[in-house]
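Read off the chains here:
2 protein chains.
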Amino acid sequence: MRIGILGTGVVGKTLGSKLVKLGHEVRMGSRKAGSDKAKAWVRDAGIGASEGSFADAAGHGEMIFNCTAGMASLDALRAAGTKNLQGKILIDVSNPLDFSKGMPPSLSVCNTDSLGEQIQKTFPESKVVKTLNTVTAALMVEPSLIPGSHTMFISGNDGHSKTAVTRLLKEEFGWREVIDLGDLSAARAQEMYLPLWLRLYMKLQTANVNVQVVHG
Amino acid sequence: MRIGILGTGVVGKTLGSKLVKLGHEVRMGSRKAGSDKAKAWVRDAGIGASEGSFADAAGHGEMIFNCTAGMASLDALRAAGTKNLQGKILIDVSNPLDFSKGMPPSLSVCNTDSLGEQIQKTFPESKVVKTLNTVTAALMVEPSLIPGSHTMFISGNDGHSKTAVTRLLKEEFGWREVIDLGDLSAARAQEMYLPLWLRLYMKLQTANVNVQVVHG
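Line order of the protein sequences matches chains W and S.
Using the working numbering, the first residue of the first sequence is number 1, and each one after it goes up by one.
Using the working numbering, the first residue of the second sequence is number 1, and each one after it goes up by one.
Treat the hints as calculated values from the structure; they're not laboratory data.
Computed from a predicted model, the values in this text were never measured in an experiment.
A few of these clues could be false.
[Unchecked claim] Distance ranges between label pairs, derived from CB positions:
| no. | chain 1 | residue 1 | chain 2 | residue 2 | range |
| --- | --- | --- | --- | --- | --- |
| 1 | S | Ala69 | W | Pro147 | 47 to 53 angstroms |
| 2 | S | Glu142 | W | Gln86 | 49 to 55 angstroms |
| 3 | W | Gly174 | S | Ala207 | 27 to 33 angstroms |
| 4 | S | Arg2 | W | Pro147 | 40 to 46 angstroms |
| 5 | S | Lys39 | W | Phe99 | 51 to 57 angstroms |
| 6 | S | Val10 | W | Lys83 | 51 to 57 angstroms |
| 7 | W | Gly87 | S | Met103 | 28 to 34 angstroms |
| 8 | W | Ser144 | S | Ala69 | 39 to 45 angstroms |
| 9 | W | Gly87 | S | Lys121 | 48 to 54 angstroms |
| 10 | S | Glu177 | W | Gly23 | 38 to 44 angstroms |
| 11 | S | Tyr201 | W | Lys83 | 36 to 42 angstroms |
All C-beta atoms, glycine included, are put in the ideal place defined by N, C-alpha and C.
Next up, chain W with everything else stripped away, as it sits in the complex:
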């Protein structure tokens, strides 16, 4: 599959490299084509990896991952271009973390709205699927870094898109349990989990932390 990755941070690089390894053609996009970080990633990731602008990456992909910092995501997606995102699955992995008021960060949007919904509203002809934002990059593509089963959440307004992304999560990344929380307004719940994640990260001194949903 041709996949576009928006963002050259740890999340973009980790997802991109895994997808290349799985045999996909992955183009990483950044503000300007030819950024040092993107070029270094292309060299590391090997055959199947390419880079370009946000628009290049979005145009290339049949499926797009938003791996930009949450507060910059809408701008990055606007730079990618509505037409390049149209009709495509847009997997929103980002969190609207606001570091401007000190640590731990707060959320720049929450409670009655979410970044996932803002993206869907701004790009109504894309199929936004929110997932993977509740774990660190390494775990996203290698859930076995934590022994046993643990839970990934997914939400979105388009059932077929969620099915396709769930298949990717399970069959390619190795997630055993993916819980569909419903329509994209559930992105509020997924993003509002972040403060708990941050506390657990501080307490347990490892980013390889997640939750397993259990019930009676």
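Using the hints provided, position chain S relative to the given structure of chain W.
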């Protein structure tokens, strides 16, 4: 121990009954002494149970549970009286759920503040401990309703109070894993977990749902 329970809803009744069964002297408080709900609870709960106003219950307790609806908690605690709460452990079990804008509810405070912190700020000489707000009433006092281990969170500014409450949770209620998230600003994380809980409740069609924290 003498315990005050503020609130006559399911949470107050469930916690109160369990604490009576464990041998504590429990007084349930409501807006006015002699409410039908409180009197019915006293009859059901048996020896060790009594009821009265918020102030009666708080004055009675060496330890107080706030089991009122989140948006009414500050008023209820003011009615209980600063002096009756002074120097005591005040276990805040409530959630600031705002049902006025439809379902699922939003939070009336979140992100850069929390109900737990608002209570602490309003009653600076009480020792507020936030816990139990992330599970349904029945699970609070009977975690074995879900097989295996799962996680309870606790936060607060006073270490001794957290130790005492953790002992209650483990030795009397049967919680196997209690994670101390740090000072009371972690109540933000505990309260912001609620939207995820509500989605899981809707999805799994059971209130007996929780998470187990796992890590690599």
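Open item on the list: Let me make sure I understand: some of the numbered hints might not hold for this structure. Which ones are they, in numerical order?
Closed with: Hint 1 alone not satisfied by this model.
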